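Listed below are the residues making up each chain.
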Amino acid sequence: MSTRRRVVLHLLALLALVWTIAPLAWILLISLTYHHEFASSTIHLLPHQPTLANYVRLFGRSAADWNGTIQPPNAYGPLIRSGLVNSAEVAVAVTVLSMVFAVPAAYALARVDMRFRQAGLLTIVATRALPPVATTIPFFVLYQTLGLSGTRLGLVIAHLTMTVPLLVWMGTSFFGGLPPGLERMARVDGCSRWRAFTRVVVPASRHAMTAMAVIAFLTSWDEFTFALIFNTGTSAQTFPPALSSMFFQVSVPTEVASATVLGLLPPLVIATLFQRYIRKVNLVGL
Amino acid sequence: MKTSNVGVAIDAVSKRYKSAKQPALDGVTLDIRPGELLALLGPSGSGKTTLLNVLSGLESADDGRMLFGDQDVTDIPAERRSVAVVFQSSMLYPHMSLRKSIAFAPRLNKVPDAEIEQRIADITGWLHIAHLLDRRPHEVSGGERQRAAIAKALVSRPALLLMDEPFSAVDAQLRRQLRSELVKLHREFGTTTVFVTHDQEEAMAISDRVAVMRNGRLVQVDEPLELYRSPVNAWLADFVGVQPINVLPVRRSPSGDTLQTADGELTLKPEGRAFPDVLDLGVRPEHIKIIASGSASPLRVYTREVVSGQMKYTLRTDQGTEIVAIRGSDDVLDIDTPVDVAVDWRHAIAFDSTTGERLDVNLAKGTAGVS
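Line order of the protein sequences matches chains A and B.
Everything in the first sequence is counted per our numbering, starting at 2 for the first residue and increasing by one.
Everything in the second sequence is counted per our numbering, starting at 90 for the first residue and increasing by one.
Since the hints were made in silico from the structure, they are not lab data.
Accuracy of the hints is not assured; some may be wrong.
What follows is a list of derived Cβ distance ranges for each label pair [unchecked claim]:
(1) B:Pro-123 x A:Arg-280: 50 to 58 Å
(2) A:Gly-178 x B:Ser-257: 51 to 59 Å
(3) B:Ser-257 x A:Arg-116: 24 to 32 Å
(4) B:Gly-116 x A:Gly-178: 48 to 56 Å
(5) A:Val-142 x B:Ser-108: 38 to 46 Å
(6) A:Gly-178 x B:Gly-158: 36 to 44 Å
(7) A:Gln-119 x B:Arg-435: 53 to 61 Å
(8) B:Lys-189 x A:Thr-273: 26 to 34 Å
(9) B:Val-396 x A:Gly-178: 39 to 47 Å
(10) A:Pro-51 x B:His-220: 41 to 49 Å
Predicted model, so just to flag it, every value in this text is computed and none were measured.
Cβ atoms here follow ideal geometry from the backbone N, Cα and C, with glycine treated the same way.
Next comes chain A alone, as it looks inside the complex (with noise of 0.2 Å):
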């Protein structure tokens, strides 16, 4: 590569970590801000007084403000902690039941000679081909009716409805990769079938199963529509609408922008931890 063009490709990954993180780290900054400097001075990025005040006042406690006046707690904080609370409980849910049935499901599409094989795959996958909003409407009616409007349930079943089809759509390009004979040669080695599958085929995908369940709990955290549907104004509501209510009903960005960080933590945290698997497994396509 010539000189010239490496500097050219590093600029433009510069621009693209730019493009990325500055409205993050503004967003930071700002939550870091009082109310009453970021509002009279002229846009800045460092505050010239950091605090942690708003924060403090999401969790239910008062604060000082810039000139010592105390400030109660937020009157959001219960909304957006249960709202963190939820969205944590619906996607863990929706991440392990994702996995129990997306797993044998792919598996099975990808390694078990049988009839339909191709058919089922494509219809599973069809599925995503459908935005949610088209599928609200059915649900929202069926819900009324079976008493989950306003559950976590009811939001851990729709949302399971993105995310399986998704991952059996990656589960069976993983295991579709796994080398040919594996599954045979474990059963020569002394593995019954299901031993096989969890003492080889399991350990072999590791990487590929830690992906998906990384995307099943990113899928579920960050979903908005069937959470603000079912959800919104009940005791089940999940983060995203709760602070999308905050947005519009408070016109305090510092505040909003404290909220807004405590809901990108979880999947900032879980991204840097398994971000060597995301980074083997191939997404092309998806």
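Assemble the complex: chain A is given as a structure, and chain B must be docked to it using the hints.
Same frame as chain A, but now just chain B:
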């Protein structure tokens, strides 16, 4: 370090896949001797891999029985059969070090760790891979992977070692090297081995006996040289041998003691007389001697090639009858040189001209002139 050798008896085993017109195995009966290295040879689709899978227990037979020694294994699944398989691909677990892959089966079978270590040290020493044991499969070369796969197969001391075209994915030079290592290893360990291949040269080179399959049936089971010298039919005669055998459709000439080609241009004179009026004459290129050249001969040199330091000539009559002959390279013949040939009748084989089966006819001790 010898393993216990068992013989294997395969008795009338049949197998038909759903939606297949022909059975993959059609009443195969075969005795494999204890400690023998048997090559299972056949073109693709002949059923040799199916037979291997049925032997391993990975697939079940529709019909027939199989015995390992005295034990009937017909209904015993693969994991409890004491077989090891070296596959064509996927020879090792991709997520394990070579050591772990090799130790996997004996560990499952609860062989003590110290014993496993000892066996691994022995076998990998033999295979020159002892220094690579902590690497993953993708970190070693193709040949080293193959060696590790063989070590993996031998370490559990199977009653029967099955190899499914294990060297087909490596280059020709390495293949030859691995082949001769396998023969040495077999001498050392003496495990009863079935080696599937479609490469007749490979089968002939390594095995004690060769079982040739075609269309799900056994065609012939014999020692390599016997197979080469006395193939049961013309198809097999053509299938084994580096150079294709000459098969000339001939008939008895009016005089009664010679054979004429269909175009009447070539007359060959076997010593024996007890041959049928019509037959296919099989002669390998090395058993045809180019004896003299005379301008009256109808045969001329049509093409020539260098084969392993010798000259391979294709001779042809005006009518298009072709004979391939091998001759030393000291005195190279020019294209279009008229030549005569002599057949070494001891090695000439008579085949039935309609069925292709070998005829029990002795053509030997004659010389042939060409008129």
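Hint by hint, here is what the structure shows:
Under the hint 50 to 58 Å, the C-beta atoms of B:Pro-123 and A:Arg-280, about 53 Å apart, fit the expected range. Judged by the Cβ atoms, the range 51 to 59 Å given for A:Gly-178 and B:Ser-257 is violated: they are separated by roughly 22 Å. B:Ser-257 and A:Arg-116 have their C-beta atoms about 30 Å apart, which keeps the hinted 24 to 32 Å range intact. As the Cβ distance of B:Gly-116 to A:Gly-178 is approximately 39 Å, the hint placing it in 48 to 56 Å is violated.
Taken as a hint, the range 38 to 46 Å holds for the pair A:Val-142 and B:Ser-108, whose Cβ atoms sit roughly 45 Å apart. Range check, A:Gly-178 to B:Gly-158: about 40 Å between beta-carbon atoms, so the 36 to 44 Å window is met. Look at A:Gln-119 against B:Arg-435: about 59 Å separates their beta carbons, and that is inside 53 to 61 Å. In this structure, B:Lys-189 and A:Thr-273 meet the distance hint of 26 to 34 Å, their C-beta atoms being roughly 30 Å apart.
Roughly 43 Å separates the CB atoms of B:Val-396 and A:Gly-178, a value that falls within the hinted 39 to 47 Å. Taking the beta carbon of each, A:Pro-51 and B:His-220 are about 58 Å apart, not inside 41 to 49 Å as hinted.
Comparing the model with each numbered hint stated earlier shows that hints 2, 4 and 10 do not hold.
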